[in-house]
Amino acid sequence: MSERIQLPDDYTLKVAEQVFNALVSEATLSASVDHSDGGKHLSFRRLYRYVTDARSEDAELEAALSENAALRADLRRLTAKVSSYQISELAAAASGLVAQRVAPGCRIRFEPSRAEVAQTYVIISLDDLGRHPRWLAVFVDDDRCRRLALPEPREGLIQLLVDSDSDILAALRNPKSEIFIDG
Amino acid sequence: MALKIERAASLILEAGQSGDLRAALQAVSEATTPDGAPRYSVKVCRTLNRLVVCRAYAVSALQLCHLVNIAEACALRRGAYEHLLMGSERATGAGFRGWITSAVTSRGWRRAGCDISREGVVVQYGDAVFNVGFARMPLLAAMFEFLCGTVGYASLDEEFCKMLQSPASDEAVRRTANGIERLLYAYLRENLPSVQMQGKFQILLDFAKFDTTAPELVVDDTIILEFWRQKSLDEEAGNFRLFRSAFDAYMAFLLALEVATDREAVGRARSVGADREADEIDVAALLENADSMDAWTSPLLVLQDASTESVKFLSKAEMSVLDRLMQHGPRSHRFPWSLARAEVFGDAQARLTQAVRRKVDEMELDTLINCEDAEFYQEWRDRLAKLAIHVNNTLRASLHVVIGSDELGGENEPTDLRVGHPNRMAAQVDDVTENLPEHGRLEEAREDSRRAFNRIARRGFEDDALHDPGRAIEFEAGAGALAAIYDQIHSFLSVLDRVGNDGTDLASQFAYDREVFSEQFSLIYGARA
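Quick note, the sequences are listed as chains A and B, same order.
For the first sequence, my numbering assigns the number 183 to the last residue and increments by one with no breaks.
For the second sequence, my numbering assigns the number 1529 to the last residue and increments by one with no breaks.
For the record, the hints were derived by calculation from the structure and aren't laboratory data.
We treat Cβ as the ideally placed atom computed from N, Cα and C, and that holds for glycine.
Take these hints with a grain of salt, some might be off.
Stretches of chain B that chain A covers, calculated by requiring three or more beta carbons in the stretch to come under 8 Å of a beta carbon on chain A [unchecked claim]:
1) 1146-1155
2) 1209-1218
3) 1253-1267
4) 1333-1341
Calculated cross-link-like contacts (lysine to any residue; reagent style SDA-like; alpha-carbon spacing at most 20 Å) [stated by the list, open to error]:
5) A:81 to B:1110
6) A:14 to B:1262
7) A:14 to B:1258
8) A:14 to B:1288
9) A:81 to B:1083
10) B:1043 to A:28
11) A:14 to B:1205
12) A:81 to B:1166
Derived Cβ-Cβ restraints for the label pairs, each shown as a range [said to hold, decoys possible]:
13) B:1101 to A:60: 29 to 39 Å
14) A:159 to B:1158: 30 to 40 Å
15) A:73 to B:1362: 45 to 55 Å
16) B:1118 to A:109: 45 to 55 Å
17) B:1158 to A:66: 19 to 29 Å
Construct the entire structure; sequences and hints are all you get.
Quick look at the structure:
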């Protein structure tokens, strides 16, 4: 058994070569989907999910973010794009921890808990609570990000209790941080 | 010498070049929904792969720009086009239709000029009109994700942001599409290895001109084996060290010639080619045409697709055994010994390659070089035959759901399984019922499929499948694929048995081949004991 083909003309052979090259490249790239020898890529969708669902955990992505400045820049860019509120860093003169952060339509206050001295209330008031904000992200130096899943608003306020010495609180009160809130 | 250095350099470059591209494509194909289901269908991933390989992304880049424009026009906030591209759970045409319809219903279009049609979204740009079909949107979303992984989200977003400053301008859209094309072109120049550089096609062609006095090309089992024996040792000859590479390359070679000799299709691909003066051919269009003209495609793709994922028709191991036979389909029937060699001695060579990498001791290496662990052809044949029985049983079990679903759907007349189903399914009914009267035959078929269903304990084969219309659709698609798989195995086994009866039996052929492969392995991997 065999395949016998009349020798094609030069043009047909030229077309066949292009088709062959495409088929071989396709097969090579498809086969290597299982056995890639390149560095692992994290899909953009994982970054999107990380931004839009602060409850989702993705240790692999976080490890990649800690090592990859370009990925952190993408995270910040995407967060800025899909957020409703943005609180920019304060003027250069500001220093130390601040008592509140304010932007058009949005205000975040920090109040020590009376019941528990080691804890602090983060109180967010938004002009438009028509759509329940689900997440908050705060970026500090070098695009390092901290995230918070937000609870349901109560009487127009979103209130969270966090440890007074937590990274997230330090980041929120850091005048050089930038805060984004969903909405 | 200069040629050798150039060749070595190109191979080294290729190894590094393709890694990043492979990983980027892999990231898209492995993207999942929050519940872990694949986000993109196998078909979408294959099409994306083809667009990249053939560098035929110009139209898709333009469509993506229009889709970004549409996404922004119905987004919650200005500029936030990402929600549509990333937000639909499983990337399907219906999913995109639902997302856009819901967004427009709740908040309307953010600017004039966009309208939802039956097939997609129509955008007006002054005198120009552009339509993006819902069915195309999953591929465009996959392309966006691929571009984020290759040219980078920041570069891409900069292009889109510029475009969205004047979203009603067709010219701005085209300018952006050109910008994206340039970015991708630059990325692929560095990362897409050139098969042409290796000259593989010419090497295969020269060898197939077996008789230089005859105006024909001949490819058969003997030629493929001899080709591998000669080229596996030749570093200049396109990397044919693995027998499987030689076999797969000749299958691609024959397919390419088949596609290229379709003069009508080539004429069309030529007229839409990017550069007519240079006689350029749109290879992607040519391959797409071949696919649509009932060219063979592996039925395993249906079982691996997201649309049938809730039913485990075949395990990964079973699909792996069938992969090469299904990939090459009916063409492999003309090369039964080559397929047997690729499967049996291809496995032996894979183990040998691994062993060399692990730097095993000489004794173990000798065992592998001598193919002492190779599966006998008879064992391999029996394994295929057993798998055919399993596929047949799974097909019968699938029919139980298809019939049950039809009946629950309110059809009063008994379903005739032979109407509207693939040939093998119809034949299945006849196999079971040929000695019974008409009504009894249908009843017996139902009973047979019910018994088969009850014997299978795999994901998806549960009683509630009968009450789930979505699952019934999966079973129908799966049954079609199983029927094609069964036919393919059955036909190939018939060929193998016929070849065995006509001359060389499996045992004699295996003994001969083992000798050939051992000798060649010893030449490639080291001295033979």
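A quick look at each hint next to the structure:
1. Counting residues of the segment 1146-1155 of chain B whose CB lies closer than 8 Å to any CB of chain A gives 5, which reaches the minimum of 3, so the coverage claim holds.
2. Figure legend: the segment 1209-1218 of chain B, annotated as covered by chain A; annotation consistent (5 residues with Cβ-Cβ distances under 8 Å, at least 3 required).
3. As drawn, the segment 1253-1267 of chain B meets chain A at 9 residues by the rule of a beta-carbon pair under 8 Å; at three or more, the given contact holds.
4. Requiring three or more residues with a Cβ within less than 8 Å of a Cβ of chain A, the coverage given for the segment 1333-1341 of chain B holds, as 4 such residues are present.
5. At roughly 17 Å between alpha-carbon atoms, residue 81 of chain A and residue 1110 of chain B fall within 20 Å of each other, so this suggested pair holds.
6. With a CA separation close to 13 Å, the supplied pair residue 14 of chain A and residue 1262 of chain B stays within the 20 Å bound.
7. Restraint check for residue 14 of chain A and residue 1258 of chain B: the C-alpha separation of about 13 Å stays at or below 20 Å, so the hint holds.
8. A threshold of 20 Å between alpha carbons decides the hint, and for residue 14 of chain A with residue 1288 of chain B the separation of about 18 Å falls inside it, so the pair holds.
9. The hinted pair formed by residue 81 of chain A and residue 1083 of chain B meets the criterion: a straight-line CA distance of about 10 Å does not exceed 20 Å.
10. A threshold of 20 Å between alpha carbons decides the hint, and for residue 1043 of chain B with residue 28 of chain A the separation of about 17 Å falls inside it, so the pair holds.
11. For a cut-off of 20 Å, the pair hint linking residue 14 of chain A to residue 1205 of chain B stands: about 12 Å separates their Cα positions.
12. Restraint check for residue 81 of chain A and residue 1166 of chain B: the C-alpha separation of about 18 Å stays at or below 20 Å, so the hint holds.
13. Range check, residue 1101 of chain B to residue 60 of chain A: Cβ separation about 35 Å, and the 29 to 39 Å hint holds.
14. Taking 30 to 40 Å as the suggested C-beta distance range, the pair residue 159 of chain A and residue 1158 of chain B conforms, at roughly 38 Å.
15. At about 53 Å, the CB distance of residue 73 of chain A to residue 1362 of chain B agrees with the hint of 45 to 55 Å.
16. In this structure the hint that residue 1118 of chain B and residue 109 of chain A lie 45 to 55 Å apart at CB holds, the actual value being about 52 Å.
17. A beta carbon spacing of about 25 Å between residue 1158 of chain B and residue 66 of chain A agrees with the range 19 to 29 Å that was offered as a hint.
Of the numbered hints given earlier, the model fails none.
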